Every structure is written in structure tokens, then in C-alpha cells.
Amino acid sequence: MNKFAKNSEYIYKHLTNLNLHINNIAEFVSFNLLIIIVVINGAEIITRTWLPGSLYWVFELNQLFGNWLYFIGITLVYYRNDDISIDFLTNKLSFKLRNIVIIIIRLIVLFVLIVISYYCVDLMILQSQARTVGLGITNHYFSLPVFISSVLMILYMFEHILVLYINTNVNLGK
Amino acid sequence: MISAIMLGLFLLLMLIGMPVSIAIMLATIIGMLIGGYDLLAVPQFMAAATKALFYLQSLFLF
Numbered sequence: 000m001n002k003f004a005k006n007s008e009y010i011y012k013h014l015t016n017l018n019l020h021i022n023n024i025a026e027f028v029s030f031n032l033l034i035i036i037v038v039i040n041g042a043e044i045i046t047r048t049w050l051p052g053s054l055y056w057v058f059e060l061n062q063l064f065g066n067w068l069y070f071i072g073i074t075l076v077y078y079r080n081d082d083i084s085i086d087f088l089t090n091k092l093s094f095k096l097r098n099i100v101i102i103i104i105r106l107i108v109l110f111v112l113i114v115i116s117y118y119c120v121d122l123m124i125l126q127s128q129a130r131t132v133g134l135g136i137t138n139h140y141f142s143l144p145v146f147i148s149s150v151l152m153i154l155y156m157f158e159h160i161l162v163l164y165i166n167t168n169v170n171l172g173k
Numbered sequence: 000m001i002s003a004i005m006l007g008l009f010l011l012l013m014l015i016g017m018p019v020s021i022a023i024m025l026a027t028i029i030g031m032l033i034g035g036y037d038l039l040a041v042p043q044f045m046a047a048a049t050k051a052l053f054y055l056q057s058l059f060l061f
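So the sequence lines, in the order shown, correspond to chains X and R. Each residue of the first sequence is one higher than the one before, starting from 0 at the first, in numbering that gives the first Met the number 0. Each residue of the second sequence is one higher than the one before, starting from 0 at the first, in numbering that gives the first Met the number 0.
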């Protein structure tokens, strides 16, 4: 086994551990956010229908928590590598060629996520100068989950690439 | 024309096994680059697109 392969296994081992912990936190956060969203909307419906007045803050919090729920939630899909894809053509390839194609696809995914996170930082800097009308929440809190989810998905994708690389090496007897 | 390129790219990327969310994003990024748009709009629209959440909530509440 060459030095690069040994280093890959070392990084993979630690990255897997890190990603597992991050995924547990993401699961906890998204699960609780969903509960909060349902509860505050239920409260709004009750107050609006049967009590005088309305909970004016629900609208903005809905959008804020909704963004966090969506973008933290999608990382759970990427952790399991379960996003919808068509494997019809890649399944027809030989083992080695298929793994090479999948590694290339994952590198492209990695690139796209890096682009998104880069532009997200620019967007957050711009948005930090504005606040929402009702609660005065700084606008960059609405884009922050997009950045966090991109970074988390980069970590997961890196792990998926490493595992594929190691498996290919093991199966080819290197 | 750009819409056609984006649609074609999306279908091509899907066929080679790209995950659907990334295929959409990559086709959008390439389409915007061809059209000369600033890519800052990509995360902005992503963050703004969650307004449909209210329809999802109605499923839980009613």
C-alpha cells in the first residue's frame, strides 16, 4: 500500500467519526426545528381564531426556522448519500470504470458546493447590513444555513470520495 | 436559449448519475455564467425559495 493510500485511510477514519457527530447534531437540530415550527404555527392559528389579536412574530420566525430546517435537513440526505440520481448508465460500466466515473461526479459535486459556500459568504456580508421589518433579525441569519449546509455536505462528500477511493484500491489489490 | 441549455445540461448531468439537487445547481450556475449573471444570486434564491414551507406546514396542521 502506498503512502497516499495509508494517509487516505487515516483521514477517512477520523473524518467518519467527525461526520457521525455532526450528523447527530444536525438530526437533533432539524427534528426540534420542525417541532418548533409546527407548535408556533398551531399557536398562531389558535390565537388568530379564538383569541383577540395575532402573534405577529410567527411569520418571520417561520421563514427563519424554515430555512434552517431545509438546509440542515438536506445534509442528512447527503450523509447517507441518498440523493436521487439515475444509475442506469453507470451500472453498465465495469467496476473500475464505474468507480472512476462516480469519483469524478463526486468531485464535481464537491466543486459546486465550494462555489455555493464561497458566494454565500459574499451574500451574508451584504445581508448583514439589513434587518427584517418586524423582529429586526439581521438578514444574514436567513442565508447562514445555506453556508453551513454547503460546508457540511463538503465534509460528507469528501468522506464518500475517500471511501470509494479506498474500496477501489482494496478491490484492485493495491 | 439559455433555458434550453440549462434544461439540456440538467438532463445530461442526471443521465451520467449526478444527484438531482447538484444537477439543478450546476446547470443553473453554467446557465448564469453563459448569461453573464452574478453567481451571488444562486445562494440568495436558494435561501428565498423556502417560502413554500407554509404549504408543507398545512399538511402537519390540518
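Worth flagging that the hints you see were computed from the coordinates, not collected in a lab. The structure displayed is predicted, hence computed values, not measured ones. Be a bit skeptical, because a hint or two may be false.
[Stated by the list, open to error] To list a few chain R residues with every Cβ distance to chain X over 10 Å, as calculated: (1) A3; (2) I4; (3) G16; (4) M24; (5) L39.
[Claimed, not checked] Covered stretches of chain X, as calculated for chain R (at least 3 residues, CB under 8 Å): (6) 10–24; (7) 105–113.
Heads up, the beta-carbon is just placed ideally off N, CA and C, and yes, glycines get one too.
Can you name, in rising order, the numbers of the hints this structure does not satisfy? 3, 4, 5 and 6
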